[in-house]
Amino acid sequence: MAEALYYGGRQRQDQPRSTQLVKATTAVVAGGSLLILAGLVLAATVIGLTTITPLFVIFSPVLVPAVITVALLGLGFLASGGFGVAAITVLTWIYRYVTGKHPPGANQLDTARHKLMSKAREIKDYGQQQTSGAQAS
Numbered sequence: 024m025a026e027a028l029y030y031g032g033r034q035r036q037d038q039p040r041s042t043q044l045v046k047a048t049t050a051v052v053a054g055g056s057l058l059i060l061a062g063l064v065l066a067a068t069v070i071g072l073t074t075i076t077p078l079f080v081i082f083s084p085v086l087v088p089a090v091i092t093v094a095l096l097g098l099g100f101l102a103s104g105g106f107g108v109a110a111i112t113v114l115t116w117i118y119r120y121v122t123g124k125h126p127p128g129a130n131q132l133d134t135a136r137h138k139l140m141s142k143a144r145e146i147k148d149y150g151q152q153q154t155s156g157a158q159a160s
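The sequence shown begins at 24 in the working numbering and counts up one residue at a time.
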């Protein structure tokens, strides 16, 4: 009943007919069950939309502004939390800088401060020279 067949140089045993029949029956039953389930879900969706759509149309003047309000409130809370975290981070950095713990970016801040102070001193000296020259003449 079971014959040895050769495919690509390999020996393959044919399965008995009863095993093939069981596999086919199982596949048909499983496929049919899933097909029936899909049809029931489709029917329930159509019936649900048919009954709910008039309610959405009637209550849309209330629902749309309510959804917009809830979305804006949610975004506001998220923004508030983000700004709070940013403020705490900045205050922590300032505390570390003031206490001398050398936070990241402190060297750049010191360099910028020294450049700004030197430019301010140059402008001050230039202004004093201009005013003293104007007073002398």
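Honestly, the hints are just simulated from the structure, not real lab data. Please note: incorrect hints may appear among the correct ones.
[Claimed, not checked] Across the chosen pairs, the derived CB separations fall in these ranges:
(1) Lys46 / Thr73: 24 to 32 Å
(2) Thr92 / Gly123: 45 to 53 Å
(3) Gly107 / Gln152: 48 to 56 Å
(4) Gly105 / Tyr149: 56 to 64 Å
(5) Pro77 / Gly97: 24 to 32 Å
(6) Ile91 / Gly54: 28 to 36 Å
(7) Gly104 / Ala66: 53 to 61 Å
(8) Phe100 / Val69: 34 to 42 Å
(9) Ser103 / Leu78: 30 to 38 Å
(10) Gly97 / Leu132: 48 to 56 Å
(11) Ile111 / Gly62: 54 to 62 Å
Since the model is a prediction, treat every value here as computed from it, not as a measurement. We put the beta carbon where it would ideally sit given N, CA and C, even for glycine.
Structure-based check of each hint:
1. Lys46 / Thr73: 24 to 32 Å: 41 Å, violated
2. Thr92 / Gly123: 45 to 53 Å: 49 Å, holds
3. Gly107 / Gln152: 48 to 56 Å: 50 Å, holds
4. Gly105 / Tyr149: 56 to 64 Å: 44 Å, violated
5. Pro77 / Gly97: 24 to 32 Å: Hint holds: Cβ distance 29 Å, inside 24 to 32 Å.
6. Ile91 / Gly54: 28 to 36 Å: 45 Å, violated
7. Gly104 / Ala66: 53 to 61 Å: Hint violated: Cβ distance 45 Å, outside 53 to 61 Å.
8. Phe100 / Val69: 34 to 42 Å: 38 Å, holds
9. Ser103 / Leu78: 30 to 38 Å: 34 Å, holds
10. Gly97 / Leu132: 48 to 56 Å: 36 Å, violated
11. Ile111 / Gly62: 54 to 62 Å: 56 Å, holds
Consistency note: the structure conflicts with the earlier hints numbered 1, 4, 6, 7 and 10.
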